[in-house]
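Undergrad: So the chains spell out like this:
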Amino acid sequence: MSIVRLESVSKTYSRKVTRQFVKTYLSGRFRPAHQERFYALKQVSLELREGDSLAVLGPNGAGKSTLLSLVAGLSWPDEGRVVVAGRVAALLELGSGFHPDLTGAENVRLNAALLGFSRRRTREKFDEIVEFSGIGEFIAEPLRTYSAGMVMRLAFAVAAAVDPDILLIDEVLAVGDQAFQHKCMRKIQQLKEKGRVLICTSHVMETLRGLCTRAIWLDHGQVRGEGAADELIAAFEAAAGSAPLQ
Amino acid sequence: MRVANYGFLLTNLILRDFRVRYRNMSLGVFWSVLNPLVMMAVLTFIFTRIFVAGGIRDFHVFVLCGIIPFNFFAIAWASGTMSVFQNSGLVKRVVLPREIVPLSTVLANCIHFLIQIGLLVTVVLVSGYPVNAYWALLPAVFALEVVFVCGLSLITSALDVYFRDVRYVVESANTVLFWMVPIFYSLAIVPAQFHALYQYNPIAAVVLACRNILIDGMAPPPALLYKLFFVSTLFLTLGLLVYGRLKRRFADYL
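If you read the sequences in order, they're chains A and B.
Just so we're aligned, residue 1259 is where the first sequence starts under my numbering, counting upward by one.
Just so we're aligned, residue -16 is where the second sequence starts under my numbering, counting upward by one.
What the hints contain is simulated information worked out from the structure, not anything from laboratory work.
Some hints could be false.
[Unchecked claim] Simulated pairs of lysine-lysine, BS3-like, Cα-Cα distance not exceeding 27 Å:
hint : chain 1 : residue 1 : chain 2 : residue 2
1    : A       : 1300      : B       : 230
2    : B       : 75        : A       : 1445
3    : B       : 75        : A       : 1300
4    : A       : 1383      : A       : 1445
[To be verified] With the Cβ distance kept under 10 Å, some of the chain A side facing chain B (calculated, not the full set):
hint : residue
5    : 1269
6    : 1333
7    : 1347
8    : 1349
9    : 1355
10   : 1367
11   : 1370
12   : 1373
13   : 1376
14   : 1379
On a predicted model such as this, the values are computed, not experimentally measured, just so you know.
Built from N, CA and C at the ideal position, the CB exists for glycine as well.
All chains, please: the whole structure from these sequences, using the hints.
TA: What follows is the structure, encoded as structure tokens:
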């Protein structure tokens, strides 16, 4: 059964970001509005089934984040259709649901609520989340005292506890230390074995090789290639002119 | 999202606003009480010593009945309007029912509103006005005010994402409303042709109803309550409709 399906999806943005209401309104009255729009994604189709793990490749501005936010349901396509069957947990930006003045524990509860947890489930999972994050006694300290790596660990621990059908990860794994990255990998591997779907972006190809079996390569919003992760990552690296890491 | 989980999320967002606001203050919640008391003292001084308004007994109680509903309205509306913009990290990056952002901000302000209502009741009792049966109407009256602010904030917070000017429009509207709500004058001195302006304005209606109940010891006119109910629920419905349409492109504009 397909869990995520994109049917020739396009997403455009207006070039002029700051819209001036009065100006736009008046100019629209006197001459036909010709809005310059550019495509963040153009005619992208994609299908993911249970247990699939997809690496999204591409340079900055290729449309990777746009793709993830469409799957997450955070934005809507201008053309085409996005069909997602199941519960999405998204790690799109480091600690986006977190507040620096709240303690780690308060942030865990807030984020659990944001991810759709019930009160009871939050209470049940709380110790497990703190344990997994490895934050220790710092959990009672305000988040602003945390390092970037600690924030990421806490964010990942909460998202992993959701046991989502679809897990979206945008770059964020890179900030954790080696030991924690291994822990994340193991957790993600477990999710995959349970048939969950993973979509992941990273500029660290080694991470993507370790996590993903499939890959899609985006360039200026269009699909440049699609296929098995190993082959496509190699092709991407060759094209980018970068030597493979390690 | 299930209703219980929605409630849990709402509670957590309200707690977040409340904690963040008070964590780094030494006087904390005391400010909620101090501010209306200062306003009450100043307005009472002006209108009983300098610009004497005749015919109003216990001016401090009279004016406090105006200040407290108005203060809540002005602050909750202004912060509600800014809420989506200020929570852009959540709106852009976290999958959540987006209506909850302005709603939780308005409801977080209700905690102060409750404290201030406690202050109002205390001042009323201390000034020698007895409890009467109509006090039972007060929760409904204040709840309708909250409903109205929620509706208004849903509209302005969504518009503010697209046009950041909206927050200044709200600011100016609040200044205008301070004069257009009978805070330091009574409806009796308003010429009859303008009365509709006051009865259809939910904030003015709440102030008038408060005075009827707390000072005059009588039920507010039913017509006033009907209008309050009608306008408040109309705005909430409108707010949900407008917000529901505009929220789809939030992520593109934040």
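Undergrad: Against this structure, judge whether each hint is valid.
TA: Here is what the structure says about each hint:
1. 1300/A / 230/B: Status holds; Cα separation ~23 Å.
2. 75/B / 1445/A: 26 Å, holds
3. 75/B / 1300/A: 21 Å, holds
4. 1383/A / 1445/A: 15 Å, holds
5. 1269: Nearest chain B Cβ about 9 Å off; hint holds.
6. 1333: Residue 1333/A check passes; min Cβ-Cβ to chain B is 4 Å, inside 10 Å.
7. 1347: OK, holds: residue 1347/A within 10 Å of chain B, min 8 Å.
8. 1349: This hint holds: residue 1349/A lies near chain B, its Cβ roughly 9 Å from the closest one there, short of 10 Å.
9. 1355: At 5 Å from the nearest chain B Cβ, residue 1355/A passes the 10 Å test, so the hint holds.
10. 1367: Residue 1367/A check passes; min Cβ-Cβ to chain B is 6 Å, inside 10 Å.
11. 1370: 8 Å, holds
12. 1373: 8 Å, holds
13. 1376: 5 Å, holds
14. 1379: For residue 1379/A, the interface hint holds, since the closest Cβ of chain B sits about 9 Å away, which is under 10 Å.
Every hint, counting from the list given before, is met by this structure.
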